[in-house]
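Which chain is which? The protein sequence lines are A and B, in order.
Each residue of the first sequence is one higher than the one before, counting from 1 in our numbering.
Each residue of the second sequence is one higher than the one before, counting from 1 in our numbering.
Calculated from the structure, these hints are not laboratory results.
There may be inaccurate statements among the hints.
If several chains are the same, the list does not tell them apart, and a pair holds so long as it fits within one copy or across any two.
[What the hints assert, rightly or not] Cross-link-like lysine to any residue pairs, in silico, SDA-like; alpha carbons within 20 Å at most:
# : residue 1 : residue 2
1 : K142      : E103
2 : K110      : R195
3 : K90       : F109
4 : K163      : L240
Number of protein chains: 2
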Amino acid sequence: MKITLLGTGSAAGVPVWGCDCPACVAAGLDKRRRRRVTCATVEGSRGRLLIDGGVPDLAERLAPRDISALLVTHFHIDHVLGLFALRWSKASPIPAFAPPDLEGCADLFKHPGPFEFRRPPAFERFEIAGLGVTPVPLTHSKPTFGYCIDDGRARLAYLTDTKGLPADTAKFVAGFKPDLLVLDCSYPPREAPPRNHNDLPLAAECIAQVRPQRTLLVHISHELEAWLMEHPAMPPNSGLASDGETIDL
Amino acid sequence: MKITLLGTGSAAGVPVWGCDCPACVAAGLDKRRRRRVTCATVEGSRGRLLIDGGVPDLAERLAPRDISALLVTHFHIDHVLGLFALRWSKASPIPAFAPPDLEGCADLFKHPGPFEFRRPPAFERFEIAGLGVTPVPLTHSKPTFGYCIDDGRARLAYLTDTKGLPADTAKFVAGFKPDLLVLDCSYPPREAPPRNHNDLPLAAECIAQVRPQRTLLVHISHELEAWLMEHPAMPPNSGLASDGETIDL
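Bound-form chain A, shown alone:
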């Protein structure tokens, strides 16, 4: 199983438009430090899953036949923005698994194009493209699923966007024993706990609950990046993901 992080940033990305904080200035000077919105592909031996579709250049990166299925974490615009331009294809249907959110985003459900939206039950494993996929509920401002993905050998837990973890999800993911955890860590430590995302202490708490082999933090904001320039402190066996990073599991 191979995961490729197409983007690793928060909704605003890095650099933020018009921002002159140290993180945004650094990302403006060095393209490798830029962060587009968080989304990923996961390749198994028999196909490729696209997890969310927020980056706008999906059409240039992937042909319809390159996507065996879509997994949507939730319907905030930064997680589905790039799907709108793909809706006009006469391609074969692409199964699209999503949390129980009847509203969706803009007119995506009215004009879904090749995407056939389905609402799989939480905690029930299904197989697609030779991979096992188990949706797990997260804690966010819209109905949101994380996904535990396995190929019979390696195990990936992809948990964003979330603030902490619901107790049954934390228990399930700990039992899943992920080799890699991809986790929301939007903010540096905040005095008042953030509302819909992890800050660094909350992310550390999720990691302690789940005990993965390794963690990559995603949904990274410019505030977190600027804070880390002065406080290079990370939870054990964890690091910030980078745009374009590929991990073989």
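Since the structure of chain A is already known, use the hints to place chain B on it.
For chain B alone, coordinates are given in the frame of chain A:
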């Protein structure tokens, strides 16, 4: 006054994802034939207007200070998609003029960032960035404004998305005597009239009503482009616009 067409395509753009029609194949081979979604900037002597924001790379093309005001034609996603990533800026407020649509698109009104949405009355000229702007109602599936823009010397009428023109709009724009008409022409001639956009005969009818010096057709679909490869027939003094094209008026 200078208009720059950032995009000239329909919602699907050209090439359409996964399409192998002659127009899409040609655009796949030659970047100059690609069409992104229709939007534009208009520069006057004292500032720049952005008309719609559907292209996703606005942050890379324009700094906050480069946009004096935003004119939204309507809130279909292909006309506002690129605005979502700009909402996180702490830039000074940017006045944003829009038709009377209380729904908007996704959560753009809930989190508008620097955009200060206003709903100007139709047919009433206002001044911004040294340009005169008159909103004119169009005929589309959402409340939609075209915009007549003048700098005291040259006159531009930007009319998309629309199917034909409401009688009072046709009369107003004819009296405005535009030097340049930028006009919706989404489709080749259709047996059944299209529902929400011009096909080529309807565009010709609009041109005959308005009598501009010159017309550039926008919101172009791959169907129109493929049809024109075999039927190179255009209304008088008109042509297809191209992405990146700049016209000095």
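Right, here's what the structure says about each hint:
1. K142 / E103: both (10 Å within a copy, 19 Å between copies)
2. K110 / R195: between (30 Å within a copy, 17 Å between copies)
3. K90 / F109: within (17 Å within a copy, 32 Å between copies)
4. K163 / L240: within (17 Å within a copy, 49 Å between copies)
When each numbered hint is compared with the structure, no violation occurs for any of them.
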